[in-house]
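K.L.:
Here is what each chain is made of, one letter per residue.
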Amino acid sequence: MARAKTANTMVKLVSAAKTGYEKWFNIPRSTPKMNLILYDPRAKRHCLFVEDKKRRVAERPPKDYSRSHPGSDFFMGDLIKNQF
Amino acid sequence: MSLTAKEAFAKLPQKLHNFFIKYPPRPFAQYSEKPSTIVDPNLNPFYPNKNPETGRWHGAKYSLRRSSDLYKMARKFGIQDLLPPLPKKFYEEKYFNKNWMRGVLTQKKRKWERDFPEKLEAREQAIAKMDETIAAARPRYKKQLEKKQQREKTWF
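The listed protein sequences correspond, in order, to chains Z and U. The first sequence begins at 1 in my numbering and counts up by one. The second sequence begins at 1 in my numbering and counts up by one.
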């Protein structure tokens, strides 16, 4: 029988400055791909830290950036029209 | 009371003496400066020589060790030029014209030593471009940078 998956995973973030500096985090499994801006003491400045390994992430529906507000396309006139 | 040539020759060490009997000194006999054939009259006993019929090589009549021995002995008497030419160099000649090994002149180094300068170069470039990489991942970072630059105090 396969082992049950834990709620959290350990994730390694590696500095984008290629200094080899790493940071580990224990995060919920469903969090999307992480990148953080943290201090890299070998580069002596804040750098982007990116995840080292690929991992499965909970799927989220893509964000809809069209300006319509849910319910904003509702037209009272249609309701009234259908009544008569 | 100086020695005649014959008397001097008799006084040489046994090894040199026997060598000159078999291979007369240079003004009286010619020796090739390179490996040649075993039927060559100017055969050099310090070099390997080829049998032209079979195409096989014969080893030197006098090994490198023995030839070095003879040379050093002859040099003590100052008669090293009477010997046939040797494949080896000695003393000052060697010091100034040494045949260095290829691996000593151009060292191969370890894999990590060869790759290291590139690695450092890549690291330097990554740090130089860090602001751009962060801005690519976090669009808001550009504004932050601009604000920072505005706040920077200058000498004016």
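Everything labelled a hint here was simulated from the structure, so no lab data went into it. Computed from a predicted structure; not experimentally measured. Cβ atoms here follow ideal geometry from the backbone N, Cα and C, with glycine treated the same way. Check each hint, because a few of them may be wrong.
To be verified - Here are a few chain Z residues that face chain U, going by a calculated C-beta distance under 7 Å:
| id | residue |
| --- | --- |
| 1 | A16 |
| 2 | K18 |
| 3 | P32 |
| 4 | M34 |
| 5 | N35 |
| 6 | A43 |
| 7 | C47 |
K.L.:
Taking the hints in turn, state whether each one holds.
P.N.:
Cross-check of the supplied hints:
1. A16: holds (5 Å)
2. K18: holds (5 Å)
3. P32: Violated, because the Cβ-Cβ distance from P32 of chain Z to chain U comes to roughly 13 Å (cut-off 7 Å).
4. M34: Because about 11 Å separates M34 of chain Z from the closest Cβ in chain U, which is outside the 7 Å limit, the hint is violated.
5. N35: holds (5 Å)
6. A43: holds (5 Å)
7. C47: holds (5 Å)
In this structure, the hints that do not hold are numbers 3 and 4, in rising order.
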